[in-house]
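Colleague: Sequence:
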Amino acid sequence: MRQFLVVLACVISSTKAAQFLQLTDFHLDREYSAQSGVIADKCHTQAGVAGSALGQFGDYACDPPETLIRSTLDAAKKIIPNPDFIFWTGDNIPHIDDYNESYVETTLQSVSDIIDSTYPNANVLPVFGNHDYAPSNAFPDQNCSLYNLMYNMWRHWIGTDSRETFLKGGYYKYSAPNNVVVLALNTNLYYKFNKAIPTFVNPNDPADQFKFMTDTLNAAEAQHQTVHETFLKGGYYKYSAPNNVVVLALNTNLYYKFNKAIPTFVNPNDPADQFKFMTDTLNAAEAQHQTVHVIAHIAPGVFERTPNFTWMLPQYNQRFIDITVRYASTIKWMLFGHHHTDTFHIVKDPATNNPVQVYLMAPAVTPWFSSLEGAGSNNPAFRVFDYNINTHELFDAKTYYIDLNELNKNSSAQWQLEYSMSQTYGINAINARTMNDVLNKLKTDNGVLMKYIEYNSVRWNYAMPLGRFRTAQLCALENPDFAGYDVCMKNGASVMITHSLLPMTQHSHSAASVDENAFPFRALISIQSEYAICCNVLQDVDRVALIRAIKRLRTRITGVLCNCTTAQTIR
1 MRQFLVVLAC
11 VISSTKAAQF
21 LQLTDFHLDR
31 EYSAQSGVIA
41 DKCHTQAGVA
51 GSALGQFGDY
61 ACDPPETLIR
71 STLDAAKKII
81 PNPDFIFWTG
91 DNIPHIDDYN
101 ESYVETTLQS
111 VSDIIDSTYP
121 NANVLPVFGN
131 HDYAPSNAFP
141 DQNCSLYNLM
151 YNMWRHWIGT
161 DSRETFLKGG
171 YYKYSAPNNV
181 VVLALNTNLY
191 YKFNKAIPTF
201 VNPNDPADQF
211 KFMTDTLNAA
221 EAQHQTVHET
231 FLKGGYYKYS
241 APNNVVVLAL
251 NTNLYYKFNK
261 AIPTFVNPND
271 PADQFKFMTD
281 TLNAAEAQHQ
291 TVHVIAHIAP
301 GVFERTPNFT
311 WMLPQYNQRF
321 IDITVRYAST
331 IKWMLFGHHH
341 TDTFHIVKDP
351 ATNNPVQVYL
361 MAPAVTPWFS
371 SLEGAGSNNP
381 AFRVFDYNIN
391 THELFDAKTY
401 YIDLNELNKN
411 SSAQWQLEYS
421 MSQTYGINAI
431 NARTMNDVLN
441 KLKTDNGVLM
451 KYIEYNSVRW
461 NYAMPLGRFR
471 TAQLCALENP
481 DFAGYDVCMK
491 NGASVMITHS
501 LLPMTQHSHS
511 AASVDENAFP
521 FRALISIQSE
531 YAICCNVLQD
541 VDRVALIRAI
551 KRLRTRITGV
561 LCNCTTAQTI
571 R
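Counting from 1, one number per residue, gives the positions in the sequence shown under the UniProt record's numbering.
These are computed hints drawn from the structure, not numbers from a lab.
Don't take each hint at face value.
As the list claims (entries may be wrong) - For lysine-lysine, the following DSSO-like pairs were computed, each having C-alpha atoms within a straight-line distance of at most 27 Å:
no. : residue 1 : residue 2
1   : K398      : K443
2   : K398      : K441
3   : K451      : K490
4   : K490      : K192
5   : K398      : K409
6   : K441      : K490
7   : K77       : K409
8   : K409      : K78
9   : K443      : K490
10  : K78       : K398
11  : K77       : K398
12  : K451      : K441
13  : K398      : K451
As the list claims (entries may be wrong) - With beta-carbon atoms standing in for the labels, derived distance ranges:
no. : residue 1 : residue 2 : range
14  : R433      : S52       : 46 to 54 Å
15  : T160      : S102      : 21 to 29 Å
16  : N446      : N354      : 25 to 33 Å
17  : N440      : P350      : 14 to 22 Å
18  : A413      : K490      : 42 to 50 Å
19  : K441      : S117      : 40 to 48 Å
Where a beta carbon is used, it is the ideal one built from N, C-alpha and C, also for glycine.
Whole structure, please, built from the sequences with the hints as guidance.
Modeller: Written out as structure tokens, the structure reads:
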């Protein structure tokens with residue numbers, strides 16, 4: 001997945017309600033073959049291997065073809081024809097190996113063209129995902145050829161003022177109408193798998209992005225703005241919109257723990273100076289009473305479906321949270337992707353333990369199956385937000401989805417409203433306080449928790465999690481800081497529901513036909529809840545046939561562990 005953050009700030013004089021659209025994690029695979037794809041090889045054709053007839057719009061095991069991307073945009077256009085903004089939060093390259101920069105450029109151009117042709121006059125604010133680089137998870141903290149290529153591709157959207165920071169680290173600031181600032185951040189810099197981390201020039205603040213955040217937020221706070229971030233230095237940028245609004249679009253991929261470029265960081269303390277960019281922007285926004293919104297790919301915190309699986313390196317994760325707390329009164333919206341799931345994280349002020357911010361993660365378009373323990377697939381989805389243009393208060397988030405099996409059976413199948421966040425959880429606004437109330441309901445009411453679990457995977461193969469998987473879900477929602485998460489997991493009983501569980505019925509809107517009497521499928525029927533299957537006993541079995549069989553089981557399978565014989569897939 002790719003990581004990128006945007007902070008948006010705005011104050012609008014009109015009283016009418018407005019809407020914006022969030023699209024995330026397309027993972028377009030131009031080699032997907034519906035005619036003869038080999039499921040074990042990412043649904044690609046393979047010389048000498050007989051493939052299968054797959055769905056025209058994709059398969060739950062793989063990343064999707066262009067037909068699903070176009071179906072998504074066509075549906076979005078019908079549902080929200082004139083959004084105020086389109087926040088495009090990254091990860092457009094498929095989960096494949098050995099692709100080069102030209103492949104990244106061509107794929108990003110393809111997705112950009114589809115969005116541009118569908119919404120030719122829209123305010124589109126893109127951010128990088130951790131896969132949107134060659135090689136994947138290798139975001140540098142200084143100017144590079146891909147930052148230049150993407151700036152030239154996207155400058156008609158993000159503007160020329162964002163050039164310096166975008167080239168430095170892929171982040172930027174966008175100033176929108178009505179005193180709103182959006183920070184688009186490259187949080188991929190902070191990803192713990194960022195292979196470029198050893199090369200950071202300033203490891204304390206890669207690409208100076210933290211400084212950028214604080215400078216922008218200080219300015220917005222002073223000017224009563226709301227903020228979103230910037231691009232060229234490190235793939236981040238700031239977009240200044242009318243009416244005192246700032247959007248920060250951040251490259252949080254810099255902070256990803258799998259970022260291969262970390263050893264090369266010029267400034268490992270602040271990769272690409274993005275933290276400085278954040279604080280400078282937020283200081284200015286604070287001083288000018290601006291409103292700031294932040295968008296990025298990877299959010300701080302822990303993946304809710306896999307116990308103890310973190311995204312960012314610890315120092316970057318905590319610094320980002322600290323900035324969030326410091327400028328909580330200036331930052332309004334914080335929108336992310338990367339998880340492929342529908343979830344959120346509550347940020348609390350450690351001094352008061354009061355909720356001050358909420359990170360909102362939207363579900364993915366790709367249905368790709370993750371072999372991370374407890375993870376899996378999802379149905380394709382996108383999200384529409386309703387907000388008050390005077391106060392910038394979010395009052396609803398509506399998720400629209402399509403059942404992939406139904407779409408493959410009938411190309412005329414309609415995308416549907418999956419759920420309304422305000423109606424489902426009985427809230428009249430989406431903010432730190434109301435979402436903390438939702439969290440408390442999840443911890444004490446099985447019925448509410450079951451609805452959250454259903455929507456977490458966009459109605460794919462959902463069932464009530466048990467044991468440490470249940471604890472991990474709730475601990476991740478409440479503790480984006482690693483120390484708090486660790487304490488929560490150790491004291492898991494304190495967040496467990498004490499009354500009886502719901503019946504453990506496996507739900508699937510996407511059941512596939514398989515031979516459940518064949519080995520190993522008949523053996524799975526007797527597997528207990530919280531049992532993991534190891535690939536070394538399944539090495540002769542088609543992986544996706546197994547996935548499809550699991551969908552039909554009545555018992556809860558928490559994960560398929562493949563690291564016993566092969567490397568575990570990383571998002």
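Colleague: Give a verdict on every hint.
Modeller: Now the hints, each set against the structure:
{"no.": "1", "hint": "K398 x K443", "result": "holds (23 Å)"}
{"no.": "2", "hint": "K398 x K441", "result": "holds (20 Å)"}
{"no.": "3", "hint": "K451 x K490", "result": "holds (26 Å)"}
{"no.": "4", "hint": "K490 x K192", "result": "holds (23 Å)"}
{"no.": "5", "hint": "K398 x K409", "result": "holds (25 Å)"}
{"no.": "6", "hint": "K441 x K490", "result": "holds (21 Å)"}
{"no.": "7", "hint": "K77 x K409", "result": "holds (23 Å)"}
{"no.": "8", "hint": "K409 x K78", "result": "holds (22 Å)"}
{"no.": "9", "hint": "K443 x K490", "result": "holds (16 Å)"}
{"no.": "10", "hint": "K78 x K398", "result": "holds (14 Å)"}
{"no.": "11", "hint": "K77 x K398", "result": "holds (15 Å)"}
{"no.": "12", "hint": "K451 x K441", "result": "holds (11 Å)"}
{"no.": "13", "hint": "K398 x K451", "result": "holds (14 Å)"}
{"no.": "14", "hint": "R433 x S52: 46 to 54 Å", "result": "holds (50 Å)"}
{"no.": "15", "hint": "T160 x S102: 21 to 29 Å", "result": "holds (25 Å)"}
{"no.": "16", "hint": "N446 x N354: 25 to 33 Å", "result": "holds (27 Å)"}
{"no.": "17", "hint": "N440 x P350: 14 to 22 Å", "result": "holds (19 Å)"}
{"no.": "18", "hint": "A413 x K490: 42 to 50 Å", "result": "holds (46 Å)"}
{"no.": "19", "hint": "K441 x S117: 40 to 48 Å", "result": "holds (42 Å)"}
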